[in-house]
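Undergrad: Using the sequences provided together with the hints, build the complete structure.
Each chain, letter by letter, is given below.
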Amino acid sequence: MIHAKPGSSSYLGAGMTLRSWLTTQDHKRIAILYALSITVFFFIGGAAATLIRIELATPAGDLISANTYNKLFTMHGVIMVWFFLIPSIPATLGNFLVPLMIGARDLAFPRLNLASWYLYVFGALFTLAALFLGGVDTGWTFYTPFSTTFSDTHVIAVVTGVFIVGFSSILTGLNFIVTIHKLRAPGLIWFRLPLFIWAQYATSVILVLATPVLAMTLTLLAIERVLHVGIFDPALGGDPLLFQHLFWFYSHPAVYIMILPAMGVVSEILACFARNPIFGYRSMAYAIIAIAVVGFLVWGHHMFVSGQSMYAGMVFSILSYLVAVPSAIKVFNWTATLYKGTISFEAPMLYALGFIGLFMMGGMTGLFLAALALDVHLTDTYFVVAHFHYIMVGGAVAAYLGGIHFWWPKVTGRLYPERWAQFAAILLFFGFNFTFFPQFLLGIAGMPRRYHEYAPQFHTLNVLSSAGAVILATGYLLPLFYFAWSLFHGERAPANPWHATGLEWSVPSPPLVENFATAPVVNSEPYGYRSQRSRRAVASGA
Amino acid sequence: MRNARARPYVLAWIALLVLLGLSAGSSLLALGTFNLVSNFAIAALKAALVVIVFMHIRRSERTVHVAAAAGIVWLALLIALSLSDFLARGS
Amino acid sequence: MKLPFLPEAASVLASKVDALLLAVTLMTGIVAFGVVVLLVVFTIKYRRGTDASREFAPEPVRRRVRRRMEIAWIAIPLLLFIAVFGWGATLYFDHAAPPPNALEIFVVAKQWMWKLQHVTGQREIDELHVPSGIPVKLVMTAQDAIHSFFVPAFRVKQDVLPGRYTILWFTATAPGEYDLFCAEYCGTDHSRMLGKIVVLEPAQYQRWLEAHNAEPTMAMRGESLFRQFGCGGCHGAHAAVRSPPLEGLFGRQVPLRGGGTVLADDRYLRDSILLPQKEIAAGYDPVMPSFAGQISDPELLDLIAYIKSLAAKEAASP
Amino acid sequence: MTHDTALAAPNTDPFSDPRQRRDASDLGMWLFLTTETLFFGVLFAGYVIMRARFPHAFAAAGRHTDFALGTANTALLLTSSLCMALAVATAEVNRRRATLIWLGATAALGIAFLAIKGFEYHAEYVEHLVPALDFRFDARDFRGAEIFFWLYFVMTGVHALHLTAGVAVVVLMAARLARSGFGKQTPLSIELAGLYWHFVDIVWIFVYPCLYLIARS
Chain A
1 MIHAKPGSSS YLGAGMTLRS WLTTQDHKRI AILYALSITV FFFIGGAAAT LIRIELATPA
61 GDLISANTYN KLFTMHGVIM VWFFLIPSIP ATLGNFLVPL MIGARDLAFP RLNLASWYLY
121 VFGALFTLAA LFLGGVDTGW TFYTPFSTTF SDTHVIAVVT GVFIVGFSSI LTGLNFIVTI
181 HKLRAPGLIW FRLPLFIWAQ YATSVILVLA TPVLAMTLTL LAIERVLHVG IFDPALGGDP
241 LLFQHLFWFY SHPAVYIMIL PAMGVVSEIL ACFARNPIFG YRSMAYAIIA IAVVGFLVWG
301 HHMFVSGQSM YAGMVFSILS YLVAVPSAIK VFNWTATLYK GTISFEAPML YALGFIGLFM
361 MGGMTGLFLA ALALDVHLTD TYFVVAHFHY IMVGGAVAAY LGGIHFWWPK VTGRLYPERW
421 AQFAAILLFF GFNFTFFPQF LLGIAGMPRR YHEYAPQFHT LNVLSSAGAV ILATGYLLPL
481 FYFAWSLFHG ERAPANPWHA TGLEWSVPSP PLVENFATAP VVNSEPYGYR SQRSRRAVAS
541 GA
Chain B
1 MRNARARPYV LAWIALLVLL GLSAGSSLLA LGTFNLVSNF AIAALKAALV VIVFMHIRRS
61 ERTVHVAAAA GIVWLALLIA LSLSDFLARG S
Chain C
1 MKLPFLPEAA SVLASKVDAL LLAVTLMTGI VAFGVVVLLV VFTIKYRRGT DASREFAPEP
61 VRRRVRRRME IAWIAIPLLL FIAVFGWGAT LYFDHAAPPP NALEIFVVAK QWMWKLQHVT
121 GQREIDELHV PSGIPVKLVM TAQDAIHSFF VPAFRVKQDV LPGRYTILWF TATAPGEYDL
181 FCAEYCGTDH SRMLGKIVVL EPAQYQRWLE AHNAEPTMAM RGESLFRQFG CGGCHGAHAA
241 VRSPPLEGLF GRQVPLRGGG TVLADDRYLR DSILLPQKEI AAGYDPVMPS FAGQISDPEL
301 LDLIAYIKSL AAKEAASP
Chain D
1 MTHDTALAAP NTDPFSDPRQ RRDASDLGMW LFLTTETLFF GVLFAGYVIM RARFPHAFAA
61 AGRHTDFALG TANTALLLTS SLCMALAVAT AEVNRRRATL IWLGATAALG IAFLAIKGFE
121 YHAEYVEHLV PALDFRFDAR DFRGAEIFFW LYFVMTGVHA LHLTAGVAVV VLMAARLARS
181 GFGKQTPLSI ELAGLYWHFV DIVWIFVYPC LYLIARS
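Protein chains in written order, with this note's numbering: chain A, 1 to 542; chain B, 1 to 91; chain C, 1 to 318; chain D, 1 to 217.
Among these hints, one or two may not hold up.
Example chain A residues on the side facing chain D (calculated, C-beta under 10 angstroms, incomplete) [what the hints assert, rightly or not]:
no., residue
1, Leu171
2, Gly173
3, Ile231
4, Glu514
If you are wondering where the hints come from, they were derived from the structure by calculation, not from laboratory data.
All C-beta atoms in this analysis are idealised placements derived from N, C-alpha and C, irrespective of residue type, glycine included.
TA: The following block contains the structure:
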């Protein structure tokens, strides 16, 4: 496998037995365990998406039955949301980098960190069991009374799986908050922290405050489904909108759990490959915290036409516009960071630039949906599907891949093949737009979501979208190959291949088991790309 | 075993039992909506006593105070907005 | 001028929504275009290897410029957003309450079909004939899961919930046939729960009503249900039990036992039949049994139509 | 200690001094209690909204809960909090016998609470007040009462589960303390167990008025 130099105590060199991996408390190894697990789930969810797109290539439901289609989009939703997107950056890059970036030896509670991974696997087992036993057809939103009364599929199994994996997120969030508070290196005051750490901190706050609400709501759903008594089923006196309030109280902050870490990664990559400090670092940090806090006040914009009262709709609409302001600030600040920079276009930078464009598109279409009168026409159509895919796939997944490329040399001690990576990034960018831009037009034309068959007037746009999906699917396979190749034949990576700032680049690649041989001290501002020291490093190492 | 250090705990305990008696007793009187307010005010007072005396939150860092407050504020937020929607619906 | 791909604007509301949609598209489009242009310009002009000057202004100058720029791109988006919110909210608010003289049609959504009842008795499945130029108010309920009545051409959508009435109204402008979709996932054949809204000229609509006039009106059908379920035993003219009179009830404010009053609308009549003890009329004992589970939703709508038809009559007995 | 062992076993303990570890554990436990606050919070949110939906039925159903046992149970749990606080205080000064006594008292009171709860559940079962098990209530408030008792059993059930976990932790700690005396981390772990125990008591402090007191008159 990886030829770690004998005698060196890199975290990969310290034993390669299965037991050493499955009982490790090293945050770096746990990050890799998570990376492998979520990659498996990414391709399961991706397979479901590909099948959906192939089915939708024709208006008639001729490839698969309606039930299978409903189970496919539910499984695509459940797996992508809870088993890929939410853990993606926090559990992999976050786990690996938070201690390294703040100069700590490990997270505050290493055993808890390993327990979080086992909770993830245990929850995954339930979801996979439900998948193989016949799937679930309620949509990832589990709306009642359909999920409690009318669906005859494995709702309990999936709900249990999501309940368990929820605790994996809660414990990871708790671990990060305590680590960032208590284990920062001397001199590393809050406003010298990299924005990636700010993003992980804000994400952890959301994880800790939102996920418990989901856990209990799904428990009540399961109890109601089994006992046929409860507070959600209108036939029994319950209120289905109460379920929607409790579900979206978690699920809207959950979309910020998915996008905030991506914002952190983009800030790191952009500063490095533009050789410029982040423009307005403090307002970027405040924007991250503002998104996390205000993100809890806007969930009602998912319920404008669901029978929610008009006045609540008004309140949620204005608050949704307020939460858009920090996102706008970030996009403008990222753009300004490029001003007078020295920009190079390695793969991570391509993903970061792609992120800015696609996240902006996603964010701006959110402004359409937040306007009450427009939401009446656009909600529950493909406009919404395109909106959140632009943010989740165009934004979060692109940043995740960008981050994987950016820190790959640090994690594995190997360099990935640059040309292949740049090609994959560009292919994914076009494949993505080709797939999801037509869906905005389908949404405006009025094609509802979750349709196995659709009216003939939507045919051409769906064919375009399906064609794009094929490109996107192949695009995602490429990194698998060249990353695997680089593990064995990749050039050996120096400690700081990109001449980036940040404590994680001051340790060897791959890092030592205990991260830092001598405890680091930080006394400089973050993103010191214009300081003499980093200019000399670039000049000499170029 | 009784010594000076146990005194605050015992005093708090007595206060808690008194408050319990107060809330139980007051709920038997027909006070209408005041009943609702007094019950929750007393419950909040009892909770505060437990947090301050038994859990000695003052010894903890400021971050802990923020964490504890965040739980309560977020819960109040959830209940307030969901309830206001329910009431405004006029169903 | 409206966005491409939008279905034709076939209701009074549609053209207003399209105008807002166009405005927001332009606003966001211009800003997005601006940012993309900046991205392209910066990445080309300052790419590695070019000799463009990279000198920053001195820090105090730079900080002042940065502060002004940041205040600008916080304030401007905020103002634009509040403007868009205002426009969207007022449009939504003005359209919220249906005009009092709207033509009422009752919709019952059932797993995977739409049942529609006209007050004059006509019943339709997955097809709704409406006159153009006259506001039409749909009173909707579901018998099982949550559905959503969505007519893209009218730019209207409203979830249809079991156990409750939700309202949707529109004024069709152009005669023609328009798609009706179910927009809230409701099970296996969610994508087959389709329908057609057939908009006719008012004269044609009258001819259609007469051509399909074989069935009794909803009120007549409600009256037979009124007898069938023995409502007359308590609420009839010479009833043995003292119970609230139904004549002149609909549309009135009903004083409730324990204080407060409630408007006797569709919701109140439905809840009084299914959950009689929820709101008891002042001065009466809570003796009425619940009919939940015995009366189906379409029958309930007929019964309520009958009670509404009594609204005009004087209250015969106290 | 020879030179190579220092190299061989790299120090991966994240904390450099015990004070830092104590503060971190304290913050970690309080954060966990915040997640529990929101976990129970959903039940309180459901209670508030269902009470607004069925005010009359909730008042009628509320009169069927056992007022005396509820009040007694609250007193029991408050006293157990006192015992726990004393156990934490004595553990800080490493007084083993006293800590064992107070931990034992805490666990005993916890078990007594659960016993009374079990007894109440049985009485309600006999009185046909358990939803989904031939629930009987006068037709007038049937729906609302069934939802009240559903909330009653879910809230007290989830609370009882948490209390059982608390009792188990206290018993384990007492056993370990009895067997091997005070370790370096024992006072800290007893303090954390105390925080958890007091939280479970606080949840009951709010569950009690909801289910036993409101509109009792």
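Undergrad: Now look at each hint and say whether the structure bears it out.
TA: Now the hints, each set against the structure:
The beta carbon of Leu171/A comes within 9 angstroms of a beta carbon in chain D, closer than 10 angstroms, and the hint placing it at the interface holds. Restraint check, Gly173/A versus chain D: the minimum CB separation of about 8 angstroms is within 10 angstroms; hint holds. For Ile231/A, the interface hint holds, the least distance from its beta-carbon to any beta-carbon of chain D being 5 angstroms, beneath 10 angstroms. The beta carbon of Glu514/A comes within 4 angstroms of a beta carbon in chain D, closer than 10 angstroms, and the hint placing it at the interface holds.
Taken one by one, the earlier hints all hold for this structure without exception.
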